[in-house]
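Guided by the hints, dock chain W onto chain G, whose structure is given.
Line by line, the protein sequences are chains G and W. Under this note's numbering, the first residue of the first sequence is numbered 1, with each subsequent residue one higher. Under this note's numbering, the first residue of the second sequence is numbered 1, with each subsequent residue one higher.
If you are wondering where the hints come from, they were derived from the structure by calculation, not from laboratory data. Take every hint as true, because none was put in to throw you off.
Sample of chain G residues at the chain W side, in silico, Cβ under 7 Å:
| no. | residue |
| --- | --- |
| 1 | Val-337 |
| 2 | Arg-354 |
| 3 | Tyr-355 |
| 4 | Gly-356 |
| 5 | Leu-357 |
| 6 | Gly-361 |
| 7 | Ala-369 |
| 8 | Ala-376 |
| 9 | Gly-379 |
| 10 | Val-380 |
| 11 | Asn-384 |
| 12 | Tyr-387 |
A few chain G positions that, by computed beta-carbon distances, are all more than 10 Å from chain W:
| no. | residue |
| --- | --- |
| 13 | Glu-34 |
| 14 | Gln-91 |
| 15 | Glu-92 |
| 16 | Ala-94 |
| 17 | Gln-112 |
| 18 | Gly-115 |
| 19 | Leu-128 |
| 20 | Glu-256 |
| 21 | Gly-302 |
| 22 | Thr-319 |
| 23 | Pro-471 |
Each computed DSS-like pair below joins lysine-lysine, with the alpha-carbon atoms no more than 25 Å apart:
| no. | chain 1 | residue 1 | chain 2 | residue 2 |
| --- | --- | --- | --- | --- |
| 24 | G | Lys-162 | G | Lys-121 |
| 25 | W | Lys-219 | G | Lys-400 |
| 26 | G | Lys-327 | W | Lys-290 |
| 27 | G | Lys-353 | W | Lys-290 |
| 28 | G | Lys-377 | W | Lys-290 |
| 29 | G | Lys-51 | G | Lys-410 |
| 30 | G | Lys-222 | G | Lys-51 |
As the structure is a computational prediction, the values presented were derived from the model and not from experiment. We treat Cβ as the ideally placed atom computed from N, Cα and C, and that holds for glycine.
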Amino acid sequence: MSDDDVILRMRDITKDFSGVKALDGVSIEVRRGEVHAICGENGAGKSTLMKVLSGVYPHGTFGGTIEFDGHEAAYRSINDSEHDGIVIIHQELALSPYLSIAENIYLGNEIQKNGVIDWNKTNREAALLMERVGLNENPATKIHDIGVGKQQLVEIAKALSKEVKLLILDEPTAALNDEDSEHLLGLIDNLRKQGITAIIISHKLKEIRRIADTVTIIRDGKTIETFSMKGPDATEGRIIRSMVGRPLDNLFPPREPRIGEEKFRVEGWTVHHPVHPERKVIDNASFTVRAGEIVGFAGLMGAGRTELAMSIFGRSYGTDISGRLYKDGKEITARTVDEAIRNGLAYATEDRKRYGLNLIGDITVNVSAAALAKLAKRGVIDRNREYKVADSYRTQMNIKAPTVAAITGKLSGGNQQKVVLSKWIYSGPDVLILDEPTRGIDVGAKYEIYGIINALAAEGKAVIVISSELPELLGLADRIYTISEGRITGEVPREEATQEKLMHYMTAGKD
Amino acid sequence: MTTTTPVQAKDPNAAQTPRRRLRLGVDLRAYGILAALLVIVVLFQILTGGRLLFPGNVNNLIQQNAYVLILAIGMVIVIVAGHIDLSVGSVVAVVGAIAAISMIDWGLPWWGAVILSIVVGAIIGAWQGFWVAFVGIPAFIVTLAGMLLFRGLALVLLTGGTISGLPAPFVAIGSGALPKAGEPDLITLGVAAAASVVVVLLQLRERAAQRRLDLPVEKPVSFWAKIIIAVVAIMYVGYLLSYSRGLPIILLILAALVVVYTFILNRTVFGRHVYAMGGNLFAAMMSGVKTKWVNFWIFVNMGVLAGLAGVVSTARAGSAVASAGTSFELDAIAAVFIGGAAVQGGVGTVVGAVIGGLVMGVLNQGLSILAVDAAWQQAIKGLVLLAAVAFDVLSKRRGGR
Chain G
1 MSDDDVILRM RDITKDFSGV KALDGVSIEV RRGEVHAICG ENGAGKSTLM
51 KVLSGVYPHG TFGGTIEFDG HEAAYRSIND SEHDGIVIIH QELALSPYLS
101 IAENIYLGNE IQKNGVIDWN KTNREAALLM ERVGLNENPA TKIHDIGVGK
151 QQLVEIAKAL SKEVKLLILD EPTAALNDED SEHLLGLIDN LRKQGITAII
201 ISHKLKEIRR IADTVTIIRD GKTIETFSMK GPDATEGRII RSMVGRPLDN
251 LFPPREPRIG EEKFRVEGWT VHHPVHPERK VIDNASFTVR AGEIVGFAGL
301 MGAGRTELAM SIFGRSYGTD ISGRLYKDGK EITARTVDEA IRNGLAYATE
351 DRKRYGLNLI GDITVNVSAA ALAKLAKRGV IDRNREYKVA DSYRTQMNIK
401 APTVAAITGK LSGGNQQKVV LSKWIYSGPD VLILDEPTRG IDVGAKYEIY
451 GIINALAAEG KAVIVISSEL PELLGLADRI YTISEGRITG EVPREEATQE
501 KLMHYMTAGK D
Chain W
1 MTTTTPVQAK DPNAAQTPRR RLRLGVDLRA YGILAALLVI VVLFQILTGG
51 RLLFPGNVNN LIQQNAYVLI LAIGMVIVIV AGHIDLSVGS VVAVVGAIAA
101 ISMIDWGLPW WGAVILSIVV GAIIGAWQGF WVAFVGIPAF IVTLAGMLLF
151 RGLALVLLTG GTISGLPAPF VAIGSGALPK AGEPDLITLG VAAAASVVVV
201 LLQLRERAAQ RRLDLPVEKP VSFWAKIIIA VVAIMYVGYL LSYSRGLPII
251 LLILAALVVV YTFILNRTVF GRHVYAMGGN LFAAMMSGVK TKWVNFWIFV
301 NMGVLAGLAG VVSTARAGSA VASAGTSFEL DAIAAVFIGG AAVQGGVGTV
351 VGAVIGGLVM GVLNQGLSIL AVDAAWQQAI KGLVLLAAVA FDVLSKRRGG
401 R
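Next up, chain G with everything else stripped away, as it sits in the complex (with noise of 0.2 Å):
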């Protein structure tokens, strides 16, 4: 490949944090006008690579050369590798909530003229960009007004203003939906065609195979491949066994159901919207869950899954809330978390930062958060009797932290996901809802994560998956039931369930 090829050539980087070398010797090639994936483990330093790159960490903090466009690179700032055209679109969107779309677009880079935006240009470029990138809504909307996808793409239609050459997206779909994500993958392809480079960072082999046209591997902070996604052995089963580094014949770890008596029922669950109250969220919905059962919930964006989860975990959504709720028989009440939590309910959210966890605290407080009363004689907590639990649980969980005194918010993702689990698990609960388990996820995890939920139901636990992703339903679910606006629309059994049925029962929408 000739030099002129070549937009960026990383190499040997180099980059430690008192001591952990976070990487080790990644060199990366990037050739002008390819969408090139990195694929890697949670901590395997993706992200550190990123943030090199972009001058997150400065010039000189970091061994090794970035050569970007035919020159050598030493960016102190983030404004320095954009003022280079290079621009990075987080997964955690950095939109301003209240600004409109157009406001938004040229934060920072704003069209003025003596420190006076001039608001016709503005929109009208706005415009433009957002025809770009085929996002069709007003630029004056405010941007807490669309919805995530929406977002997503006005992102990078504030790349595009700024004559974006290198467009780098860490995990650009991993909180968007299956149609949404097709709009963005198409996105990208289209800009590739108008010449301009992406790099994106992914845990969705699908979506790699469908946009990327080179994959590097990254693995404990090193290099493990690189290798065109054109050739006949570019399989998913290589991009696997180079991020785990061991082969995983398998995405699900083998499991025996074995099913007892029914656990947990609803019936009738009815929900209305906290804002709009004469709006049902949730419209009479009834299941049931046995024990050692593992039963799959299966919806669309915005159906009412986290809803209807939520609204029965200690009414934590919703108001005007009615319906039933059975365990082993009997109706409980669960009117507070606190007292879910004691009638043997657990919920682990699909939003672990928000909702989750004490991201300050350590691994200890946040093991025992649900339960200290375990912990505790008259209010005094036995910290002796905390430590071991939560050591316990960092190596049984296989968290990955060299003591429990680890601040979580520092774990990757799939770590802090075990301390959500082992939070819940320590609660000692008989039913489980966990909501999206394995989300922004690494395949190496995830399989840990499914070894987990199968254990939970092989001890007899009632578990609830709720999911976006079908296939790690088919792969997890005994049963599955599918929601629509609200409502139940399906129950399917594991025998009969396939991806084309239960997407025909996800859009039944009202009659």
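What follows is chain W alone, placed relative to chain G:
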């Protein structure tokens, strides 16, 4: 996988990289403040030609700053939980007024007045806690309203001006001392020695428990270094005070408060809930923490301590005036932040807040001895607050990823 408490795995890594070492990392910030206090003390000791640590001055330092320290202990809990309380200065005034009126006009005995003051503080705290916790009005607004409301009530109660001539036992709470036994005072030295012994014994007991349970223990060097520093500090203060007017009563009250509240924040479910709410309110809610009630009790507690601070400052002044307690809330808040609490909540300790209060107190005292103009004293305190928090922010930025 089981849900029963599993057997601890013998992971060699776990044993060799004990949690205490990481704890130490967190503690470094507290040590930073402690070091700052030492530097300031030494600096003023030199600048004042040794007058700063005259026994009488140490005695004054403690009695004059007792109110800030008491308020800071309540305030650190409020701030860790993610709130603020702007009303405590006004509460001090209104409680002082009620205490004085109850003794002078109603003829209540001094102890009756103390109990009444604390009850009034608790009721005021419950009032504010109700609005914050159950109605959901931000504490900033509720306590700003309280600041005006209770200052107004104090003015109403004290329309006659100052109430003085308070009974001697009441005044002793603020400025009295235990009787002396010789020069140096053997009682003071004895209490200091007893306190040192208790500190050593408690630490050794904790360490023995960790050994027995096969938990990681702190390295001997840092363990003993901490104990020696604590013992030296206690004995040195005891030594200085033993040449003064005897052991200040307020010091005993303060020591008890520090011990009790450190225990509450570190060891109890309530304390843990406060930190959990400050760290992530939603996660705390979804873990079954009764956040409303915790908020309510935090403010009741703040009210109780504000009531006690009202007693102490009124006793120290020997009279009740409506302008008492002016800007006490700012002193307490400053002490908490100098002591390493985070503005976003979730971080902060009682000991840190007390040290923060002492930093301000030593500054006040030292500058006064040097006869620096009061206006400049205020300006300097402002800069110290800014510097302390800036240091904290910058050190975190360097340490974090």
